[in-house]
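Asks: Listed below, chain by chain, are the residues.
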Amino acid sequence: MTMLHYLEQEARKAGTPVTRAVIENVSRRQILGALAASGFVLSVRIPDAAAREPLKPYPTGGEGMPHGYGKASDPHVYVAIDGDGAVTIFAHRAEMGTGVRTSLPMVIADEMEADWSRVKIVQAPGDEPLYGNQDTDGSRSMRHFILPMRECGAAMRQMLEQAAAAKWGVDAALCRAKAHHVVKLDGSKKETGEKIGYGELAEAAMALPVPARETLLFKTPDEFTLMRKGEAKIVDLRDITTGKAIYGADVRLPGMKFAVMARPPVLGGKIKSYDAAETKNVPGVESVHEIAGVYDVPRKFGQLGGIAVVASSTYAAILGRDALAIEWDHGANASYNSDAFFKQMSETAAKPGKVIRNQGDFDAAFEKAKSTLTAEYHMQHLVQAPMEPLVCVARIQDGKAELWAPVQSPYGAREDVAKALGMKIEDVTVHVTLLGGGFGRKSKWDFMIEAALISQKLGGTPVLLQWTREDDTRNAFYHTVSVERIDMAFDDKGKVSGFRHRTVAPSIVSTFAPDSGYQFPIEYGMGFVNTPFEVPNVRCENGQAMAHTRIGWYRSVSNIPRLFAVQSAVCEAAHQLGRDPKDFLLELIGSDRTLDPKALGFPDDFWNYGDPYETFPIETARLKHVVNVAAEKAGWGKKLPKGQGLGIAAHRAWGTYVATVVHTEIRDDGTITVPHAVTALDCGFYVNPERIRSQIEGAAVMGMSHALYSGITFKDGAVEQSNFSDFTIAPMSNFPRQVDVVIVEPKPGQHACGIGEPGLPPFAPALANAVFAATGKRLRNLPMGEKVA
Amino acid sequence: MATITVNGESRTIESDPGTPLLWYLRDEAGLTGTKYGCGQGVCGACTIHLDGVAVRSCMTTIGMADGKSITTIEGLNPDGEHPVQKAWRELSVPQCGFCQAGQIMQAASLIAKNNAPSDQEIVDEMSGNLCRCGCYQRIHAAVRLAAGGA
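So the protein lines, in turn, are chains X and L. Going by this note's numbering, the residue at position 322 of the first sequence is 322; the numbering climbs one at a time, nothing skipped. Going by this note's numbering, the residue at position 100 of the second sequence is 1100; the numbering climbs one at a time, nothing skipped.
To be clear, the hints were calculated from the coordinates, so they are not data collected in a lab. None of the values given here were measured: they were computed from a predicted structure. Check before you lean on any hint, since a few could be wrong.
As the list claims (entries may be wrong) - In silico DSBU-like cross-links for lysine-lysine, where the CA-CA straight-line distance does not exceed 30 Å:
| hint | chain 1 | residue 1 | chain 2 | residue 2 |
| --- | --- | --- | --- | --- |
| 1 | X | Lys368 | X | Lys495 |
| 2 | X | Lys120 | X | Lys300 |
| 3 | X | Lys777 | X | Lys495 |
| 4 | L | Lys1086 | X | Lys233 |
| 5 | X | Lys747 | X | Lys233 |
| 6 | L | Lys1086 | X | Lys120 |
| 7 | X | Lys244 | L | Lys1113 |
| 8 | X | Lys642 | X | Lys777 |
| 9 | L | Lys1086 | X | Lys244 |
| 10 | X | Lys229 | L | Lys1086 |
| 11 | L | Lys1086 | X | Lys493 |
Take these sequences, add in the hints, and give me the full structure.
Replies: What follows is the structure, given as structure tokens:
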């Protein structure tokens, strides 16, 4: 496995006190002499450039994403320095609450020794050939971009040092970037006191060629000023707290109109007839337009079609839509009813499915078993429901289209908007505003195509298309509905001799290709084929389930139902065998090892979160470690009063290892509450611990939502829920009151992994297991309901 | 025609008095800090103050505010230094930030009437303000911090 040089540096330093490491690294007699003479404080000394090691890139899936890294490592693309020293850094990933707009630029700023207080962040428009992949999902911003961002920062720093060297007429080795200046060193590498600010060097530095990749030197972790500290606030904090932050609906253009749309309640529905006479009488309504939908399968992110009402204000447009009389032809999906569909999925799960992973002989193990366990777990659809409903501003002027939107994938949107408008991609610009939450919904740009088409109907007039909350709830790309069935065989020693997992769920792939009813490698890779248990006989089967609505992704995707099933079943098995659930889980994970996908019968096209397995392997010791850390921190095994209990769940996803312990307390009326939860995670090299904590705290609340409250159901093809009144999410009256987050310090060779998603899935099974510990009642369906009977 | 004091400035409003303040503020007055989240008074993102008390601007019409005074997030404090705003920054409360104007306005309303709220009083007051990112732990802590410093 290739290791990045900074990880190798850490490897050498592991177990060595920092100060000694510094001296070893520097290892120059004269410096030691100088230190002794001056009483120079070790912790503030500037290490010799020779202590830094050159870049050794490691493979990630980032290169394989559309447009890969683009020119992400080129400072000319990402960094600008004004004559007065103000530094501008472009943020190319979408900010939806993870803090990426702060954390990635922070990597550049740290590596280039910029003073963070003099850095301004500018959001990049959708331009992947330039900035590299901008599709902000899959928990991969840091995982895939830390390397090019560090390269970019290091290149900038070295260019500034070279510019100073030229100015002073000295060797670049005697020029050291430090806190927004380049300082001059003497022959013994001691600061001379002479320094030049970045502003003064900017022009000359930017005119230099970018240093070759292999000549780049990275800072050592002990030199970090921003990374690993968690001290810098998110860049938008002040604007958010003063109402100045600009989200999608806050964009204002001269002459801008406001629009809403009426869309088919059933997927594939078409307008049979409509009457807009009353709509046109609503004060403020200016025009009504029929917008054609994309009806051919696969629809991808094509617009649903419907009627657009354009008005002088959002409210007038909403009233105008209310006044529309539309008769729909609902089409074939009107037969979709959730109750019947669950029954059908359950029947499918009882029968053999398509074998996706096969290791050993499950049937023989089951036959020979001393005892067995069979359990089925259901999960309703979920809708992402970001607090900011979908919205987009579009205008077409002088042959150019311009859009502003809270979008996770601005370049994909730009390509499809260009196609829908019949324009060249160069003539379409997509600006990315702040996202008021995304959770996967804003990766799909149907709403942007709609806005563009409405503007086109208006002859290019600027228009703000607002989705109402009801639209957001009823016309989403839903998290799939699922039945997960687990069968386990136990031998006469009480060991698990066989493990079978059947998944039955409509696939995301139905949005992109003709629906086969079967899932695809990305879904199989999320907690299905890669369950890391040391069991001799494992079989994973997929039963057919056709999609009758748009299936999309939702933070953590298939991991949510899979982990709920697997970790609930582990706890059920522990109970059946009279074992402690945490000890039993550790025993199932088994010995310390790196999983060998081939030997374990993983499919040949096993999806490892888009990353090469060699760089990001599954290591059981790391998984067990987070289990132990979380259990210890939560006081696992402690005696609790009646009606209280602890539950645990753990997994490895997006390269990150996560374990969560939930402490539940059941109120007298049966209400399930969570006074305390602990999550331990090992995400390898980490950058912004403060935002990691906030992501995990939030994951506990979102986990509480889908564990107890949130579900989407269909009747006659249409979503039954409409707003937060019936699609409920955890409120402050019942949220996990204290969430402790333990970040495991990375070991050498561990690359940065995902944070946005992996913290979410363990919460629901940990809570279900806690409820069982507290009450003896096993809840197998999500949402479980707020009260346990 | 209605007369409403908006962030300290008297305004004569000709729009239909049945229009919710949310849409007046956002689409007519250009005060976009107040957010649309549900339109039914069930999420709290649009919370403003009507004569100093938190209300949902999506459920409060221009007519209902006639002759009264409203405050939005933009007018909570001229320098953005209200104790609640400061506490929000101190504890780095927001994630996406979209619901936070409403949360802050709700918290400011609570603190104005009760400068030492109990844990339960904070929960009761803030429970109508949803946060999908799940910042509740920090919101709760920040209300407490702001109350201590109010």
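Asks: Against each hint, give a clear statement of whether it holds in the structure.
Replies: Right, here's what the structure says about each hint:
1. X:Lys368 to X:Lys495: holds (13 Å)
2. X:Lys120 to X:Lys300: Distance ~37 Å between lysine 120 of chain X and lysine 300 of chain X Cα, so the pair is violated.
3. X:Lys777 to X:Lys495: holds (24 Å)
4. L:Lys1086 to X:Lys233: holds (13 Å)
5. X:Lys747 to X:Lys233: Holds, because 26 Å separates the two Cα atoms, which is no more than 30 Å.
6. L:Lys1086 to X:Lys120: holds (22 Å)
7. X:Lys244 to L:Lys1113: holds (26 Å)
8. X:Lys642 to X:Lys777: With a Cα-Cα distance of about 14 Å, the restraint between lysine 642 of chain X and lysine 777 of chain X holds, given a limit of 30 Å.
9. L:Lys1086 to X:Lys244: holds (15 Å)
10. X:Lys229 to L:Lys1086: Between lysine 229 of chain X and lysine 1086 of chain L the Cα gap is close to 22 Å, so the pair holds against 30 Å.
11. L:Lys1086 to X:Lys493: violated (60 Å)
Of the numbered hints listed earlier, those contradicted by the structure are 2 and 11.
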